[in-house]
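All chains should be modelled from the sequences, with the hints used to inform the complete structure.
Counted from 1, the sequence shown has number 169 at position 169 by my numbering; the numbering is strictly sequential.
Hints listed in this document are in silico derivations from the structure and should not be mistaken for laboratory results.
No experiment lies behind these values; they were computed from the predicted model shown.
Keep in mind that a hint or two might mislead.
To be verified - With a straight-line Cα cutoff of 20 Å, these simulated DMTMM-like cross-link-like pairs (lysine to aspartate or glutamate) come out: (1) Lys56 - Asp106; (2) Lys56 - Glu103; (3) Lys56 - Asp77; (4) Lys87 - Asp225; (5) Lys56 - Glu31; (6) Lys87 - Glu31; (7) Lys56 - Asp117; (8) Lys87 - Asp106; (9) Lys56 - Glu268; (10) Lys87 - Glu35.
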Amino acid sequence: MSTRAKSVSLVLGSGGARGLAHIGVIQWLTENGYEIRSISGASMGALVGGIYAAHKLEVYAEWVSALERAQVIRLLDPALGRSGLFKGERIIGVLRELIGDCEIADLPLSYTAVATDIESGEEVWLREGRLFDAIRASIATPLVFTPFRRGGRTLLDGALVNPLPVAPTLDDDTDLTIAVNLGGPAEARPARAGGGNAYGKRIGDFVSALRPRGMSGEGTRGLLDVALVSMQTMHDTIAQLKLAAHAPDVTVDIPRNACGYHEFWRAEELIALGRERAAQALAGSEAPGAAPADSA
Numbered sequence: 001m002s003t004r005a006k007s008v009s010l011v012l013g014s015g016g017a018r019g020l021a022h023i024g025v026i027q028w029l030t031e032n033g034y035e036i037r038s039i040s041g042a043s044m045g046a047l048v049g050g051i052y053a054a055h056k057l058e059v060y061a062e063w064v065s066a067l068e069r070a071q072v073i074r075l076l077d078p079a080l081g082r083s084g085l086f087k088g089e090r091i092i093g094v095l096r097e098l099i100g101d102c103e104i105a106d107l108p109l110s111y112t113a114v115a116t117d118i119e120s121g122e123e124v125w126l127r128e129g130r131l132f133d134a135i136r137a138s139i140a141t142p143l144v145f146t147p148f149r150r151g152g153r154t155l156l157d158g159a160l161v162n163p164l165p166v167a168p169t170l171d172d173d174t175d176l177t178i179a180v181n182l183g184g185p186a187e188a189r190p191a192r193a194g195g196g197n198a199y200g201k202r203i204g205d206f207v208s209a210l211r212p213r214g215m216s217g218e219g220t221r222g223l224l225d226v227a228l229v230s231m232q233t234m235h236d237t238i239a240q241l242k243l244a245a246h247a248p249d250v251t252v253d254i255p256r257n258a259c260g261y262h263e264f265w266r267a268e269e270l271i272a273l274g275r276e277r278a279a280q281a282l283a284g285s286e287a288p289g290a291a292p293a294d295s296a
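If you want it as structure tokens, here you go:
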């Protein structure tokens with residue numbers, strides 16, 4: 001019997017601020033004897049996975065956990081008259097300074113960020129070049145962030161074609177493939193206390209100020225709300241189809257209503273949720289130290 005850690009290919013799905021739960025999943029895995037050798041991610045999954053691959057996850061976790069609500073707005077850089085509400089350059093610049101950039105080829109584990117070619121509709125696997133260029137392409141949510149130009153292609157969020165990208169890990173030589181699905185079944189949860197709704201209204205007001213007047217009616221969902229909910233429905237459907245085609249060994253489900261797309265100030269509770277759901281999903285799996293030795 002081998003005493004080595006159980007090796008893992010980790011697939012991190014898309015879902016806006018819910019992606020902060022990926023941090024908790026990774027923390028639980030590494031603390032419980034799992035060795036992550038490969039990461040494939042779309043959107044926030046690509047961001048968190050890339051930062052982990054660069055050995056800076058705890059730096060990012062500390063930074064995002066300290067974010068106050070007003071700071072989230074200050075990270076947004078309006079892109080008036082362009083093909084998205086925000087340019088995304090400010091947040092990527094902050095993260096490059098915080099984490100440091102590198103070539104994907106120099107990372108200590110296999111890493112794939114998934115994006116979508118806006119012209120062909122093709123799924124694009126980003127496995128070379130600068131890490132934060134790949135992340136910026138993968139997080140380019142339509143309407144929210146402008147598309148990203150890379151290698152002669154105009155790229156959007158990978159979640160449009162593969163919100164839970166298991167396929168890039170199929171050739172991995174690892175013991176387990178674990179997928180973290182941010183579109184898990186909705187769950188009843190208590191109303192949040194202390195201003196969450198008021199701040200959501202502030203973000204809504206800010207976004208509304210960037211649109212022409214008359215685009216949304218009183219008492220209805222705003223344009224961006226409708227777009228994000230619609231995309232979430234599409235992502236959930238695609239993810240289920242992808243899971244049916246390439247089933248991972250373990251799926252960690254994060255409820256789709258765990259938080260709003262933009263609620264990045266809720267990092268601490270989302271990280272805790274990721275840890276909790278990882279423990280639940282892997283409770284019945286074989287202990288890492290009991291994995292059979294390789295024949296080679």
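Self-check item: Hint check, failures only
Solution: 3, 6, 7, 8, 10
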